[in-house]
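Order-wise, the sequence lines are chains A and B.
Under the working numbering, think of the first position of the first sequence as 1, with each following residue one higher.
Under the working numbering, think of the first position of the second sequence as 1, with each following residue one higher.
Keep in mind that a hint or two might mislead.
[As the list claims (entries may be wrong)] Here are a few chain B residues that face chain A, going by a calculated C-beta distance under 10 angstroms:
#1 Ile34
#2 Gly153
#3 Gly157
#4 Ser165
#5 Ala168
#6 Asn173
#7 Val177
Just so you know, the hints here were simulated from the structure itself, not pulled from any lab data.
Virtual Cβ for every residue (Gly too), placed ideally from N, Cα, C.
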Amino acid sequence: MLSFKNVNKVFLKGTPDEKHALKDVSFDIKDGEFVTIIGGNGSGKSTTLNILAGTFKPDGGSVLLNNVDITDINENTRARYFSRVFQDPRMGTAGTMSVLENLAIASRKGSHRGFSWYVSKTEKEKYKAMLEPLHLGLENRLSAKTEVLSGGQRQALTLLMATLRAEPTHKQIISDYYTFSMGDKEQAKVEVTNAYDEYKNEYLEKKNEILKSNLSRVEKKAKIKEAYAEFDKKFRKYDLTKQILLLDEHTAALDPKTAKKVLDLTNQIVNENHLTTLMVTHNMRDALLYGNRLIMFYEGKIIHDFNAEEKKKLTSADLLRLFDEADEKLHDSEN
Amino acid sequence: MNYFTALFNSLPGVVNLGIIYGIAAIGVFITFKILDFADLTVDGSFATGGAVFAVLTVAGVNIILALIVAFLAGAIAGLITALIHCYLGIPGILSGILTQLMLWSINLVILGKANQPISSRGALIASSSTGTSIGILLAIAALVVGVLYWFFGTRYGASVRSAGSNPAMSKANGISVNNRKIIALMISNGLVALGGALFSQYNGAADINNGRGFIVIALAAIIIGGAIVKKWGKNFAIQLSFVLVGGIIYYLVYQAIALINGINTEWLKMLSAVVVVIFLAIPYVKSHYFADWKSKHNRKKEAK
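Please work from the sequences and hints to get the whole structure.
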């Protein structure tokens, strides 16, 4: 669960241009929710995403991930939990680097970057297989610099990169499991360490058996590798962390046809990976068409929050009317 | 004919100095091209490398060790620029200038005077033995290119490149941009100082003024090398190697001008700046004025 607790953000504090971008905003977003966010310019939508990602620090309030305060965790450390696609297609990829290099960089997100070669042969094949279903021909342009790609291609690539991250280590899985456990943390710690010890002992026993057997050295090595993979797979079900997708008007700079293509791809990726997603958009139709929750921002506040059922009944005209009502209310209070 | 004989005779020296400047210019390549950071520390760290090297060899320290220490001294200079920039919020170009100014004092303290002669005994390279010097310098250059090719090809190195290419994207992918800037500036200035040390060794003296205008030479080497390499593909090792070629070409042009009869040596700095202006301007002139002229010409042709 992702939460805002009374978050405030003021830009240019103490100057005539002071702007109260977020006023005491609170919300909870459950795992797997696909939230679309609408609101006028300067209503606080993008500020919300930037505070979630850690680009801005709030002036008050806190950001919680599964009830754990992550407000003070800086942007690059937080990247382990958040993936972003920006409005400007040039923002999401390193322009002077190749498609392959960009994917390789994203795939190490949240992990230590060592001194092994940036990409392996198996990884290269994996990326090719990931690019093929996009039907953009990128699988044959792995060494092309992303600055020569079209906006649509770059956004699609950024989306793909957003789904990539480094597999957490066993140590990270254990610590994440109890840090982000919603229940009793002590109990969770015991649970996860016990499970780890149990699986590990299983693996070690198997390994001993294999070593004692009279197989050839090569066979032994292969069998041990197999046993380890099994152990690893079993333990990974304790991996709680999943990327939360932050999409900041990511189709605004694209032509309508390409925008539709990128949005469909977004929808597909979100559904396939069951990603918690926040999508800011200016397009009312898209906001209604995609996602299963809709949040409406107005002057730094959330004025409406529709769940999946309510959202189905809404039309673009309804949303416009709600914005007009908010305008009138503001004028009344000012007069 | 006398002029050409003189130029021809100076060729071995030109190649030596070209490679030395080229090695140091590879350092600038890291900040200028990879990090997208105009680092002016290098005028100072080039002289620092020479100063540290001179003091150590005069004290009898092993030459290889002295080169390594010179590299480290340059790396520290780069670290200072990086810290001023990353943690005190001073713009990159100003951070470099400030460190360069600090280094002027520090270099004087290290050297103890404005000029320190170095004994040529046991020297790896010297202007008196240009043949062996070229071999040794090429070996050092190959080592530098090889190590950098490996480094920037690793996962860590790739993250340094992305931090220079797109800081926002890098942060979003969990890369600490400040950390990468620090590393890149340290390696860069380390190489510049290594070049400065080799320069002092070759000339047999370290001078407080050695680094003055070095950034201009380095940029010239990078631009000239880049202009040639465009037709040669985009392999990183080749790009780096052509910085060395750029260094040699720059020095050849410089020498060709310096050897002109009756030229006043006071004008050499002016001339080297003009040479760089010309090389830097070529791509712009080509893509703007020349393209305009060409398109006008073509349209006229079609109209006929």
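Against the structure, the hints:
At about 9 angstroms, the closest approach between the beta carbon of B/Ile34 and any beta carbon in chain A falls short of 10 angstroms, and the interface hint on this residue holds. Look at B/Gly153: its Cβ gets to within about 6 angstroms of chain A, closer than 10 angstroms, so that hint holds up. For B/Gly157, the interface hint holds, since its Cβ comes within 10 angstroms of a Cβ in chain A; the closest pair sits about 7 angstroms apart. With 10 angstroms as the threshold, the beta carbon of B/Ser165 comes within range of chain A, its nearest partner Cβ sitting at about 4 angstroms, so the hint holds.
The closest approach between the C-beta of B/Ala168 and any C-beta of chain A is roughly 5 angstroms, which is under the 10 angstroms cut-off, so the hint is satisfied. Look at B/Asn173: its Cβ gets to within about 5 angstroms of chain A, closer than 10 angstroms, so that hint holds up. Below 10 angstroms, beta-carbon pairs count as interface contacts, and B/Val177 has one with chain A at about 7 angstroms; its hint therefore holds.
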